[in-house]
Amino acid sequence: MQHTLTELISNAIKFTQKGEITVSAKLLNDEFHLTVSDTGSGFSKKITSLEFDSFKQTNHFQGLRTGLTRVQYVVKALHGEITFTNNKTHGALVSLYLPVTISKALPTPLKVNDKLTCLVVEDNPLNTMLLTRILSLLGLSYDCAENGKVACDMVSENQYDIVFMDLNMPVMDGFEAIKKIRSDLNKVMPIIVITANTSQNDIERVYEYGANLHIHKPISQQAIKDALNSISVVSEIN
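The numbering of the sequence shown is the numbering used here, which starts it at 577 and goes up by one.
Since the hints were derived computationally from the structure, they do not count as laboratory data.
From a predicted model like this one, the values you see are computed outputs, not experimental measurements.
Cβ coordinates follow ideal geometry from the N, Cα and C atoms, glycine included.
Take these hints with a grain of salt, some might be off.
Unchecked claim - Straight line, CA to CA, 16 Å or less: simulated EDC-like cross-link-like pairs of lysine to aspartate or glutamate:
1. 763 / 778
2. 756 / 729
3. 755 / 719
4. 763 / 733
5. 755 / 784
6. 756 / 784
7. 756 / 733
8. 691 / 722
9. 725 / 760
10. 691 / 719
11. 755 / 780
12. 691 / 737
13. 652 / 607
14. 725 / 752
15. 763 / 737
16. 763 / 729
17. 725 / 749
Stated by the list, open to error - Derived Cβ-Cβ restraints for the label pairs, each shown as a range:
18. 621 / 758: 46 to 56 Å
19. 805 / 759: 21 to 31 Å
20. 802 / 691: 18 to 28 Å
Start from the sequences and build out the full structure, keeping to the hints where you can.
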């Protein structure tokens, strides 16, 4: 959530040459409310829904568009709602609503066969935050690597039960990392590719290199559950 707030405030600062920016937050029942208001130029057009088109996705290592589109993606994945409107006087108003669970009891993690440790290989901090949040909710522990080279070094030095691999990254991409993990390091743990890349040739190539499964971004908790159940690394998740 920290990255989302930073993105919203940065956007407000960018378009507010003078005036003020106001951030407020409150908890109402089981919903978190956040507003970011500014006196800047406001929105030139109405923003109504997620403006992400995977078919227009390039192979640039930043797997998602930046700015408000990325914020919408994260909020939607967390089952929340965000609206972008112009203030009645001047400037922009962003309203964010997220469902929360308040309980004095500790959450019961989902049952797993063993205490599994995952490696999340992703260069985008926002994507990393979202995936690791999902893994935490599923009761899984994790380490993170920002590119394929770092991932290969970590795999060679540590024991991981499953790897979540992005494809388009700097230094070493996911294709080369999967190939090295299988061929050079001789590791056999399941590798789940998580990517915005929709090229059928690229998807076929990751399976040739040794991936077990792939999930297209934007991801959801259900998609991760289904993937884990599919490769049978955890007990059946309902």
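Legend entry - Enumerated hints in conflict with the structure, sorted upward: 1, 3, 8
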